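Got chain A sorted already, so can you dock chain B onto it with the hints?
Protein sequence lines, in the order shown, are assigned to chains A and B.
Numbers 1 to 353, taken from the UniProt record's numbering, label the letters of the first sequence in order.
Numbers 1 to 368, taken from the UniProt record's numbering, label the letters of the second sequence in order.
Since the hints were derived computationally from the structure, they do not count as laboratory data.
Be careful, since some hints might not be right.
Ranges of calculated distance between the beta carbons of each label pair, as one might list FRET restraints [unchecked claim]:
| id | chain 1 | residue 1 | chain 2 | residue 2 | range |
| --- | --- | --- | --- | --- | --- |
| 1 | B | Asn140 | A | Ala142 | 45 to 55 Å |
| 2 | B | Ser99 | A | Leu328 | 47 to 57 Å |
| 3 | A | Asp326 | B | Met52 | 39 to 49 Å |
| 4 | B | Met121 | A | Val175 | 49 to 59 Å |
| 5 | B | Lys349 | A | Ala142 | 42 to 52 Å |
| 6 | B | Asp96 | A | Gly86 | 54 to 64 Å |
| 7 | B | Gln119 | A | Ser160 | 42 to 52 Å |
| 8 | A | Asn182 | B | Lys224 | 35 to 45 Å |
| 9 | B | Pro139 | A | Val175 | 52 to 62 Å |
| 10 | B | Lys349 | A | Asn147 | 19 to 29 Å |
| 11 | B | Met121 | A | Asn147 | 27 to 37 Å |
| 12 | A | Asn147 | B | Asp303 | 30 to 40 Å |
| 13 | A | Ser105 | B | Ser25 | 22 to 32 Å |
Partial selection, computed: residues in chain B whose CB lies under 10 Å from chain A [stated by the list, open to error]:
| id | residue |
| --- | --- |
| 14 | Ser43 |
| 15 | Gly98 |
| 16 | Lys100 |
| 17 | Glu171 |
| 18 | Arg190 |
| 19 | Leu211 |
| 20 | Glu237 |
| 21 | Phe255 |
| 22 | Arg261 |
| 23 | Asp272 |
| 24 | His342 |
| 25 | Lys349 |
Since this is a predicted model, take the numbers as computed values, not measurements.
For glycine and all other residues, C-beta sits at the position ideal for the given N, C-alpha and C.
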Amino acid sequence: MTCSACLREGAGRGDEQDADVGTVTNAGTSIREEEEEEEEEEEEEEGMGAITDRNSSPAITVEAEAEEGGLETECGQQAFDSGSQGDDNDKHVEAVCKDMEAWESSGQWPFSCYSAVKASISGFTELSPEELRMEYYSGRAAGDLQNYANSVQQLATQWSSRVQELKILTPATRVALIAELNNPLTVADGFPAAASGFGAGGFGSGPVGAVVSAFGSADPPAGPTGFGSASSAASFSFGPGPAPGPTPAPPAASFSFSSPAPSFAAPPGPASSAGFSFSAPGFGAPPAAPPASAGGTSFGQAVGAGPVVGGAPDKLFTPQSELTPDELKEFTGKRFTLGQVPLRPPPAGLLVV
Amino acid sequence: MSLFGTSAGFGAGGTSVFGSATTDSHNPMKDVEVTSPPDDSISCLAFSPPAMPGNFLIGGSWANDVRCWEVQDNGQTVPKAQQMHTGPVLDVCWSDDGSKVFTASCDKTAKMWDLNSNQAMQIAQHEAPIRTVHWIKAPNYSCVMTGSWDKTLKFWDTRSPSPMMSLQLPERCYCADVVYPMAVVASAERGLIVYQLENQPSEFRRIDSPLKHQHRCVAIFKDKQNKPTGFALGSIEGRVAIHYINPPNPAKDNFTFKCHRSNGTNTATPQDIYAVNAISFHPVHGTLATVGSDGRFSFWDKDARTKLKTSEQLDQPITACCFNNNGNIFAYASSYDWSKGHEYYNPQKKNYIFLRSAAEELKPRNKK
Numbered sequence: 001m002t003c004s005a006c007l008r009e010g011a012g013r014g015d016e017q018d019a020d021v022g023t024v025t026n027a028g029t030s031i032r033e034e035e036e037e038e039e040e041e042e043e044e045e046e047g048m049g050a051i052t053d054r055n056s057s058p059a060i061t062v063e064a065e066a067e068e069g070g071l072e073t074e075c076g077q078q079a080f081d082s083g084s085q086g087d088d089n090d091k092h093v094e095a096v097c098k099d100m101e102a103w104e105s106s107g108q109w110p111f112s113c114y115s116a117v118k119a120s121i122s123g124f125t126e127l128s129p130e131e132l133r134m135e136y137y138s139g140r141a142a143g144d145l146q147n148y149a150n151s152v153q154q155l156a157t158q159w160s161s162r163v164q165e166l167k168i169l170t171p172a173t174r175v176a177l178i179a180e181l182n183n184p185l186t187v188a189d190g191f192p193a194a195a196s197g198f199g200a201g202g203f204g205s206g207p208v209g210a211v212v213s214a215f216g217s218a219d220p221p222a223g224p225t226g227f228g229s230a231s232s233a234a235s236f237s238f239g240p241g242p243a244p245g246p247t248p249a250p251p252a253a254s255f256s257f258s259s260p261a262p263s264f265a266a267p268p269g270p271a272s273s274a275g276f277s278f279s280a281p282g283f284g285a286p287p288a289a290p291p292a293s294a295g296g297t298s299f300g301q302a303v304g305a306g307p308v309v310g311g312a313p314d315k316l317f318t319p320q321s322e323l324t325p326d327e328l329k330e331f332t333g334k335r336f337t338l339g340q341v342p343l344r345p346p347p348a349g350l351l352v353v
Numbered sequence: 001m002s003l004f005g006t007s008a009g010f011g012a013g014g015t016s017v018f019g020s021a022t023t024d025s026h027n028p029m030k031d032v033e034v035t036s037p038p039d040d041s042i043s044c045l046a047f048s049p050p051a052m053p054g055n056f057l058i059g060g061s062w063a064n065d066v067r068c069w070e071v072q073d074n075g076q077t078v079p080k081a082q083q084m085h086t087g088p089v090l091d092v093c094w095s096d097d098g099s100k101v102f103t104a105s106c107d108k109t110a111k112m113w114d115l116n117s118n119q120a121m122q123i124a125q126h127e128a129p130i131r132t133v134h135w136i137k138a139p140n141y142s143c144v145m146t147g148s149w150d151k152t153l154k155f156w157d158t159r160s161p162s163p164m165m166s167l168q169l170p171e172r173c174y175c176a177d178v179v180y181p182m183a184v185v186a187s188a189e190r191g192l193i194v195y196q197l198e199n200q201p202s203e204f205r206r207i208d209s210p211l212k213h214q215h216r217c218v219a220i221f222k223d224k225q226n227k228p229t230g231f232a233l234g235s236i237e238g239r240v241a242i243h244y245i246n247p248p249n250p251a252k253d254n255f256t257f258k259c260h261r262s263n264g265t266n267t268a269t270p271q272d273i274y275a276v277n278a279i280s281f282h283p284v285h286g287t288l289a290t291v292g293s294d295g296r297f298s299f300w301d302k303d304a305r306t307k308l309k310t311s312e313q314l315d316q317p318i319t320a321c322c323f324n325n326n327g328n329i330f331a332y333a334s335s336y337d338w339s340k341g342h343e344y345y346n347p348q349k350k351n352y353i354f355l356r357s358a359a360e361e362l363k364p365r366n367k368k
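Isolated chain B (complex conformation):
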């Protein structure tokens, strides 16, 4: 019986076999530590899709590597394989059938990693670092979407060196998400574009950003019919915007909320405001997780508009997070995100990836 499926979940309540017995600021939540973490900051995490039995976690890092671990039911993590780029890896994703992993790097290329053969080949080329990579599976086509600091969004058939399509962005791509048939791209200078992917990708709408500062992360959410209906957008200013594409009442349905800030109730001293580094939606409950430069993660229910939980503070920022395909596991990475510049960068400091049982804590709050 899988421990991840029970409520006495792995890592919850300090009963973890792998956590340390004493309070430790590198792992205050006493969650499971993934073995052999990368040697530099972890930029991205992705769990294998449902098509694959078991749980495999991919992590990309600033050490130019992409690592794959098997996460076993008893919580043990087994390093499986690794690939290298010639520059820091900024994003990773899986194909829908779980046979391939796509990786995007500052070396201006994206690669396709065939896990069965453990071979990786280049499938995309940009003129600047590639910031985002996503697999698109449509009824009549499949392709890889890459967003780059060269201000383009390109779509690639993995067998051709030239893109199937290239779309101009208003500015450098900073973050993106895809849930067919919708894609959202957020760029520098508060650019925000929604694309529709049916038949072929095309711009659907440009949106006035609901945020005042730099866009940092975006995640699409779905409605009760399991169709993409909006997105959550995070910025460097400790704030997330919830935006529906076509709500009945935009003024009421769309909203922003503050998060990842310090000393909240004390108005005598100014607040510390931290960046939201990543947002992930729980695949079953539809609730969301945010992770920030403050070294905390928080869980939220956007429909009830309440916070479900905030973690203790880790001694490093949390740079990435993701849920596994059935929502039982929440993975988050603790490493430096450059939010305070180079003076706070310590190459010797260990980087971590933690796993936490997610089934209970992400349950929606009952609306009264």
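So that you can see chain A by itself, here it is in the shape it has in the complex:
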């Protein structure tokens, strides 16, 4: 099945040689001047000459592009509002419109999210080429590629409609778009796990310092990290940093072509939302005895006999009288025997720090 919306004739378009091969673009000394004009993306050439100020709105360049007149556009006729907020809205809407035109004609991957002015725009399915390819390979192995082909066609159609919608706006879709542009979702809206996992120092319950961690000394570092810096005086902070980035709008989620309602179905919650627990089904509490195995000290300092995080075992210690002879042998030995590490915690009396 040919999906004409998302596929283009092959790689032969690259006929025109890039004029910049091997040469210095005008990026060298003209960078500073370009910055002062606050232009971005106004060059269509490849090269680093186009510098984008992260903090500026992409709408700034819209006027420059419109003057070049390269692309036929209906985007310039979208002005409806009046007033300064209206002007901003117009610019943003026009920028979105231009982006849609470019996306349609460029042959670029269609199953991608899209954002403008730092706001994620809804209605786009995010799927990487690898995920799509894996669906194909799975279908091929199962002897059924029809499902894959149908799903791709459906996705492509959805993409194409959404692009059209944003390119040729009705008053209603225009209002909806402006609402999205002006109200980017924050992490708090769509990602509760961030609050619980991150705000608590990221290590589950209990004071951070007492966490029994497989990583050795668990004192939270207070000073600057080992990251290099561009000789900045800014200090690092290990609390929750600056406002986290925008959350995904509709979670595209785990994509499966075999489920009847793909795309926006919520994924089964991965077990790892309890991910900060260090207890593991197979191993009970983290060993309070000397680090397991003769394989060397990956874990640095032996973990202290402090409170155990995670709490899967019913009690912290197993009374010595309850141990099997094998368990006792392991706990009293100098080190654990690989494959025979006891699943229950040791008696308090056998702890060696």
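Showing chain B alone in chain A's frame:
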């Protein structure tokens, strides 16, 4: 004397013994072809670390295999060993001492491959394909970090079936990089998180993505003191963002640039825009290479903000690239990346890995 160390480098200028004499669109740069390439698209490449004498190249592919070649000084490549997963391999990496190779697969597992014994064992398990695998070597711990489409980032002691730590990601992991003590993970829906790895991994900062479209590849770069200080992030929209973690002047120091696009100066027709499939930094010069769906590689100097070189166009996308540990060799893989969907997939088409002398072409441009 190693040919890779001289300026008459292997494969440069068409003097290669192994390249074809006539212009050939599968190898227009006339670079060295690695023998016995995989039978399906190559997803990842990794050269051995400095701790190992010589150069060994690992490549993972969609044929479920991971192959190891020795790259000899005269440019000859010798297939050494191979391991299999039960699903396509998406990422590979080496341990710091060069004794182990870690492989991540769509079969939801990661394996540790001991090259000396040629045995591989499973060391990680996820609930969805594992997209990234990285070895972390810290003063007080060592572990393997895996990023998955199950939206978690897990850390594994290779001796335990359970992860040492599991961190939630906002979305599916699409790419990651580690340069101790920093790690960067980019996810679907433009998620971007920096982690610090000292003592134990923890989230350091979530970053507003500087890019508008799907994240595809990321690579950390270092400052003059050899400490990680930022990263380059590529997207499916022919664009790379250079982002410093703590620059003096973010508005000035951070920037994006367009790349892997066609007919650049002709404004009468729309541009073709290709995905950036991989980014690698030269270990000595600090300059970077990008490879794209357009079948080209480009070298860039991010400090001088100039392009150093763009290759001729290969007849297939370039899906992966890496430098060897001393920066003399640039390896890149030519195979289909699914950028145009299944209609353009030809299982019969041969896949290639090329080696190019990298010492000269990646030298930084002198700033005026």
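Against the structure, the hints come out as follows:
| no. | hint | verdict |
| --- | --- | --- |
| 1 | B/Asn140 x A/Ala142: 45 to 55 Å | holds, 46 Å |
| 2 | B/Ser99 x A/Leu328: 47 to 57 Å | violated, 35 Å |
| 3 | A/Asp326 x B/Met52: 39 to 49 Å | holds, 40 Å |
| 4 | B/Met121 x A/Val175: 49 to 59 Å | holds, 58 Å |
| 5 | B/Lys349 x A/Ala142: 42 to 52 Å | violated, 24 Å |
| 6 | B/Asp96 x A/Gly86: 54 to 64 Å | holds, 58 Å |
| 7 | B/Gln119 x A/Ser160: 42 to 52 Å | holds, 50 Å |
| 8 | A/Asn182 x B/Lys224: 35 to 45 Å | holds, 42 Å |
| 9 | B/Pro139 x A/Val175: 52 to 62 Å | holds, 56 Å |
| 10 | B/Lys349 x A/Asn147: 19 to 29 Å | holds, 25 Å |
| 11 | B/Met121 x A/Asn147: 27 to 37 Å | holds, 35 Å |
| 12 | A/Asn147 x B/Asp303: 30 to 40 Å | violated, 49 Å |
| 13 | A/Ser105 x B/Ser25: 22 to 32 Å | holds, 25 Å |
| 14 | Ser43 | holds, 8 Å |
| 15 | Gly98 | violated, 16 Å |
| 16 | Lys100 | violated, 12 Å |
| 17 | Glu171 | holds, 6 Å |
| 18 | Arg190 | holds, 6 Å |
| 19 | Leu211 | holds, 8 Å |
| 20 | Glu237 | holds, 6 Å |
| 21 | Phe255 | holds, 4 Å |
| 22 | Arg261 | holds, 5 Å |
| 23 | Asp272 | holds, 5 Å |
| 24 | His342 | holds, 5 Å |
| 25 | Lys349 | violated, 12 Å |
Hint compliance for this structure: hints 2, 5, 12, 15, 16 and 25 are not met, and every other hint is.
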